[in-house]
Amino acid sequence: MKKPGSLRDIARKQGQPLAQVTPADQVPLPPPFDRIDEEPPIRPLSDAARAKYAVLDDTIAVNIERPKTGEEERAMVDAFLSGLEKLFTVEDNWTFLQPLEMSMEHCARCQTCSEACHIFEESGSNELYRPTYRSEILRRIYFKYVKKASPLVHGDIDLNWETVARLIELSYRCNLCRRCAQTCPIGVDNALLSREIRKIASQEMGIAPRELHKDGSVLQLAVGSSTGMTPLVVKDNIEFIDEDTAERTGISVKTPWDVVGADILLIHNAGEIMSWPENPGAFATVFEAAGLSWTMSSEIAAYDAINYGVWYDDVQFARVAVHHAAAARKLGVKKIVIGECGHAHKALTVIADRVLTGDLNIPRESGIVLLRDIVRSGKIAFDKSRNDFPVTLHDPCNMVRLMGIVAPQREIIDSVVPKGRFREMAPHGVDNYCCGGGSGFAIMSGHNFADWRHHLTGRRKFRQILEVFQDEPMTRDHPKYVCAPCSNCKGQIRDIITYYDAWEKAGIFYGGLVELMVNAMVDAKPGFIDWEWH
Amino acid sequence: MTILTYLVAYCGTAILIVAVAIRILMWSRMPMHVRWELYPVAHEGAKASYGGSYLEESEWWTKPRHFSLWGELSAMVPEILFLVALKEHNPKLWSRSFPFHFGLYLVAGCTILMAVAGVLGAWLPGVMAGPVGTVIRALIPVIGHAGLVLGLVGAAGLLQRRRQRPLRDYSAPMDTVNLVFFVAAFSLALVTAVTVDRRFAAVSELVSNLVTFNVAPLSGAGAQVVMPSASAILLAMLAAYIPLTHMSHFVGKYFAYHAIRWADEPNLRGGKQEKVIEDLLNQPVSWSAPHIRGDGTKTWLDVATEDPER
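Quick mapping for you: the protein sequence lines, in order, are chains A and B. Position one of the first sequence corresponds to residue 1 (the working numbering), numbered consecutively onward. Position one of the second sequence corresponds to residue 1 (the working numbering), numbered consecutively onward.
Extracted from the complex, chain B is given alone in its bound form (with noise of 0.2 Å):
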């Protein structure tokens, strides 16, 4: 058991980390595209408030572009925290994702608080034997629990909403079975925290041994290490599962707005973009309409500038 914990955990979280690292290279890969956004543009400062662009402004292209940062963090911030567009346009399902999403947001943070706690206690134990220590120790059964809830029951209103038409009729079995694995995997955690884990030690055990690599088997015996066991491994699957699916949206989403919906860098002439597109202008087109007739050789150049309908 202990070994498959380890060796579970640490695949899990080697696929997690992979397979993010893989999505966000291919999103930041991919091609520039042409202009498609949509507004409002959070980085527009003022304007943003009405919608409004810097099209608005005569003779844009002499001016300076103001960016806000500012614009930008308070529309990201609460939209990950809080799902604003969710519960503006669909306050029914963020009743359930909301719970979903903190729920997780919370399980991450008091997994990231065990590492961290690990890390001190085996680098720094003066730090963890004093007041801060304290603070994460109380911290983290507080964030645990409250997330794992919130987590359980975010997942099952989802799974519930799934069953339900429209959803129902738009879903592949596959996102049934993902909310159940959510439902199963919350589950087993919280029973394993309300009943042999309260506190949270034997999983802060754990997280801490994995964290400065010993593999040593948990303190206690009996459902005092199996629940804590079977818990990490059915987490550690889900955490490696979740970006191999489309519910890696959490990478995607910040594509969305930022190289799509808020993408309004204009290409000035002589500017860095010119470049670009003068080489995608060169990719070989093979569309086969009659008006068209790209035979594979001829460019986006070519065909733009020719109609061989005329």
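If we strip away everything but chain A, and leave its shape as in the complex, we get (with noise of 0.2 Å):
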């Protein structure tokens, strides 16, 4: 295993990899993907992507150009400290600057957070991956460079134009799932100084993976969706997705659009339109079923709940709250429900709550919490014996540990599985580990960079996942159910799944939770849920 020896390393070896880890270097995984031998190898970055853009390790997410000319090199240097010092000013940086305040002050190096974190654990411990190694290296920077400090009080660090791009290139090694946050004795959080990096990097130098911002959230503001749905085009697959699921089910839905007056403005993750449509299927299915007001709207960017701002930068994240709230002003409903989307739960309810004011600040509710009340209401009668299967449950961070939606979920199951089928993972929760597909991993995937992220962020879900149906046969013909409610998460548990073909090999299936309830529905005809692998 190739990694940094020190701190001060992320300024040296100029245009070599800092770390390298290959699968011998790793925990095997559980049966039957238990042979270190037969894991699918991590293959190299190209020389040509080497030698191109920065290099940190073994794997680039953010292809930053190496500068040309020392004028270059200088810019992107002086262009990294410009935006460290606008992070600690109230007017660029009033919607973080306490908390960044507090986690560059207060950090005891006390390490106590790396064990908490899944890529640094997976990685066999690699001292790149630590949480607090890009931490550690953007306070030096602060306090040598920008607050003019000895180095004798917050530690030396060299600074060139290789330390900013490897910095920028190693905030996108981590999930920003905040589990080192929630271990930290003193309250410091690693991942919110991952995300002020990748800030600097969008806010001042322009720089951001092109999956997140220009065909994220550039694309999402331009025509709608990141998934380059245009209003016309999302109502065209909304009415396919009507018929299929009304063929499916035996029940007729027809999704309402633009209703002026609704109750419920609904808005999905486009990404469930374009691969999972039997998820906003059922939604449908669910909501006429119990008799909602309800609509989903054809504005701009309305009928797509990502914001992909909330990964690495505040304006960005601004202008899309801002497009969810005036669609939802513009029908007059009482409250946005948010789908099965976990960043766009935290995104438009929890941080866009200090961004919305006035006429904008419309109540927004997790769709998770109104399923969970349609099942208490009775309205729907469903059989637990259609959901025969074994099932777990995968908590998205966003929704659990950054929103304290746990119980609903749950009761949700306890609904519609039959008892015994349900098991949790562990640890599950608000301790729960990430998916791996976190702060917009899921939908990235240039150079190697889907084996990286198979091989570290996403391992140690796989791993649970394996762990938790180990006393189930692990065959194709004994399929096992491993719910997933959140579009992001869906996609990392698809990517794995096909990795290791471990539907062939193992019979694990995955899927949304509502896909479970109509599933169970009586009035529905059954099978919903066909495990045919898409």
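Please note that a few of the clues may not be correct.
To be verified - Below, simulated DSS-like cross-link-like pairs (lysine-lysine); rule was C-alpha separation at most 27 Å, straight line:
| id | chain 1 | residue 1 | chain 2 | residue 2 |
| --- | --- | --- | --- | --- |
| 1 | A | Lys-52 | A | Lys-13 |
| 2 | A | Lys-86 | B | Lys-253 |
| 3 | B | Lys-275 | A | Lys-335 |
| 4 | B | Lys-253 | A | Lys-148 |
| 5 | B | Lys-63 | A | Lys-334 |
FYI, nobody ran anything at the bench for these hints, they're computed from the structure.
Quick one: dock chain against chain with the hints and give me the complex.
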């Protein structure tokens, strides 16, 4: 295993990777994937990529081109320092100033957080991925080069373009799950510092992963969705989904669009519409069966709940949140309900709470909570025996650790899954592990980033999934269901199941929560969950 | 020596109080930030046991919020006294950090007891002559010795741990100096307490003189005066030094929990937060990236409602 010898290596060994992890460095997975020699390899980064972009480890997330001249190198350092300075002003960063100052001032460097990090742990404890590695470098740069404090007090670090570029790359080796922050005895938040580094890169230097910015929030604000769906296309797709769902369930549904005065504006992650159409279909089926007054909106950005700004850019975040709220204001709904998407939950409900004021301050509610209320209301009859297969639940970090929505999803499962078929992962709830796709990783796969993601960020969740089903036959003809009520988590879990061929080899399947409800609806035809790999 | 002792003790106490007050003011006057809570949130009452929140309730904005002070206290008090988070997540470090912190609490408690005894002795001598005084005088050396032993053992343990990897790799030279300072101050105080001031009579006399502003020489001679005075000087310097460093986390931690981790107060329409938020949205933005082009005159409200890349 290659790993950095010290913090100061960040400025040294120019053009060389500071860390490389191979499957041999990792703890084997549980059966039937316990043979390290049978693990798919992490494909190496191409020579062309190494030559063109800044190199941190054996993958690339951001694509920071190597400066061609000394002047460009200095400009990169200056821009970073300029952004770093702005982070500590009320004007430019009131949004996170206090949490930032707290995490910069009070770290005792005790390393208590390290073992909480699934990436550090699954890397074989590679120093580069220790949560404090990037935080301490940021801290030292700030105190030495912005505050001009003595390195004897805050530690020394060299600053060159490579330090800057690698630190930005390193901020994209963190899922922002904040499990480390949860364990800090003082309250220091390394995930927050990762995000603040991302903000300097995006808001000051114009540097961000293409998937998050150009193909993400920019596209969403321009055409309506990061999937590229325009209002016309999304309506067409939903119409098709309604028809398909009706065919599968025998229950006719028609998703209402732009209904002025409806009680509820439902916003899905548009990824569901594209990749998991059964999810919006199931929502429509349940909402109609419960007799709710609801609508979807065809306004720009309002039919896609995603808000990638939550991962890298406060301004892009605010723009998308305002679009969501403005659509709800236009329709005059009583509340916005967010579908099965964790980061959209946190973005619009919690973070945007101190951005939206006046007539944009429209109440937001979790779709999971509404589904729980529908179950409680007794308006829909469920036959639990239709879900007679092993089920486990993945807790999306944004929804659980960062919002405290823990019990409703369990109450739903308890109502639609037979006793004894559901089992909890260890740990779960607010102590859960990230799926590995958090902070945008689920949609990032440039170069060999997907390999790196599966081996490092997604491995702990895959390990948990395998562990929780160890008492079941691990074969294809004994299907097991991983319930992931979050679009990004679902994408990551789909990817890692595919990577290890775990559906064919172990019968591990995945899906959302509302699908389990429709699968158990007495009024629906059996077999909504079709166990067909998509 | 007498003047120097009193001067350093008064200055040290003053710096401690002023520096802590400044820290408290700094943290409490920081602008409102966006919500960034982390669950469990202790004041959620029964829901806190599994990390749940009011967001689990449908139409939560129409319902009264339950705030459990008992929940906060039952999380905070064990955390402050016994460092339960560290015990759970880093037991090796806890075995050093707990005695260190608890020793500090006991030394602080002992100092407060000596101050109380001094005040009572000056203004209510009858109380100090009675059973209350007897109890206080008996407690002072017990708490003092225990505090110094625990503090020294903890500080030495933390110093040893700080010199090992990985902590060493992430530490600045001053992190080591800080712990050496603690070891030196506690060692001298302990040696003093064990050799020349077993009943804490000399240091009690000094504290009593301090709180009654009686700048008088200590009773006795030689080591009986020099060692308690030197200990007091070193401890006073340490007390003044702590809040000037990142060791002031005892102040920051309160805000880390109450202003960030547990700060789940929702912004209800027409509520008290909206005006503050509207003011913040009018702050000028100077971020330079092409999709923002903050020029220092555009506000957050402006940039949130425009898109220069469209």
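Results of checking the hints against the structure:
1. Proximity of Lys-52(A) to Lys-13(A) is assessed by CA-CA distance (about 16 Å); at most 27 Å being required, the pair is judged to hold.
2. Distance restraint check for Lys-86(A) and Lys-253(B): the Cα-Cα separation of roughly 25 Å lies within the 27 Å cut-off, and the hinted pair is therefore satisfied.
3. With a C-alpha separation of about 22 Å, the suggested pairing of Lys-275(B) with Lys-335(A) holds against the 27 Å cut-off.
4. For the given pair, Lys-253(B) sits about 26 Å from Lys-148(A) by alpha-carbon distance, which is consistent with the 27 Å threshold.
5. For the given pair, Lys-63(B) sits about 15 Å from Lys-334(A) by alpha-carbon distance, which is consistent with the 27 Å threshold.
Of the numbered hints listed earlier, not one is contradicted by the structure.
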